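Novice: Chain D is already provided as a structure; the job is to place chain Y on it using the hints.
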Amino acid sequence: MLQSIVYGILAVGMVVGAFQAIRAPRLITAALWLAAVSMQLAVVLFLLGAPDVAVIELSVGAGLVTVLFVFAISVAGELTEDLPTIVPRPLAASLILFVIIFLTLFLLPTPTPVPTTAEADFATVMWQQRAVDVWLQIALIFAGVLGMLGLLTEERVPVKKPVQVQPEEPVFEEVADVAAH
Amino acid sequence: MLLPIKIALFAILGLLGVSLYGLLVTRNLIKIVLVLQLLVKTAVLALVVAGKVNGQINLSQSLAATVIVADTVVAVIGLALAVQVQRRCGTLDLQQLASLKG
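Same order as they appear, the protein sequences are chains D and Y.
Read in order, the letters of the first sequence correspond to residues 0 to 180 in numbering that gives the first Met the number 0.
Read in order, the letters of the second sequence correspond to residues 0 to 101 in numbering that gives the first Met the number 0.
Heads up, a few of these hints could be off.
[As the list claims (entries may be wrong)] One side of the interface only, derived from the structure: several residues of chain Y facing chain D at Cβ under 7 Å:
hint: 1; residue: L2
hint: 2; residue: G13
hint: 3; residue: L14
hint: 4; residue: L19
hint: 5; residue: L33
hint: 6; residue: G54
hint: 7; residue: V66
hint: 8; residue: I67
None of these hints come from the bench; they were simulated from the model.
These figures come from a predicted structure and were not determined experimentally.
Yeah, the Cβ is synthetic: ideal placement off N, Cα and C, and Gly gets one too.
This is chain D alone, in the form it adopts within the complex (with noise of 0.2 Å):
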C-alpha cells in the first residue's frame, strides 16, 4: 500500500512537472522543471526495478541535459515573453483530450504481469545480445560531438586583402614586330 502512495506521488508529481515545464514563461524555469521531472522518473524507474537505467537517467537526464539547456539559453538569450500559440489551446487541448481519453479505453484491461523467467543479467544482455546498440551508441555520440563542433564554431569571415592593380604591359614591341614582318 505504501508503494503505491509513492507511486501515486511520483506519477502526479511528473505530470505535474511536465505540466509547469510547458506553462513556464522563462526557459530556465522550465529547464529546471525538466530536471525535476528526469529526477522523479529515475525515483520510478529504481522501484520498477531498472536501477541502471535509472542512474543513466538521473545523469545523463536531469545532469548533463540540464547543463546544455542552461548553456543554450544563456547562449541564445531569455525570452520571457508569451506568445500567442499557433493552434488555439482549447482547441489543442481537446484534440489531446479525445487521444487520451482513446488510449486509456485502450489500456484499460491492463495486462497481468508475467512471472519472471530466468533472463540474462544486464551486461550480458547490453554487452552480448545487444551488441550493435553499443556500436550504435558510440556512433551516435561522435555525430554528437561532430555536430555540436560544427555547428557551434563562429564562422569566420576571411579578411581581404587590398588589391593591387598591376600595371599593363606595353604592346609596343609586339606591334614593332609584327610591323618589320
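Specialist: Just chain Y now, kept in the frame of chain D:
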C-alpha cells in the same frame, strides 16, 4: 504489483498528453527541444513498464539506455541548431522563422 503498474500506465498517459499538448502550443525552438525531451522520457518509462510486465526487465533496460543516449544527441544537435538560428535570424519564434524569405 498490479496497482503500481496501473499507476505507471496512467503516468505514461498523462505525460504523453502533456507533451503532445506542449508540442502543439509551443513556438519557441528551445522549448520544442525541451518538450521532445519530455516525450522521450515518456517512451523510456513505457519501455521499462513493458519489460516489467513481460518479465524481461533487463532487455527493456538495454533498450531504454540506447533511447536515452539517442535522445541526448538529439538535444545537443537541436540546441546547437537553435543557437545558430538565433545568431543568424535574431529570433527563436517559429512563426517569424516560417515567414522569412530568401
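Novice: If any of the earlier hints don't hold here, list their numbers in rising order.
Specialist: 7
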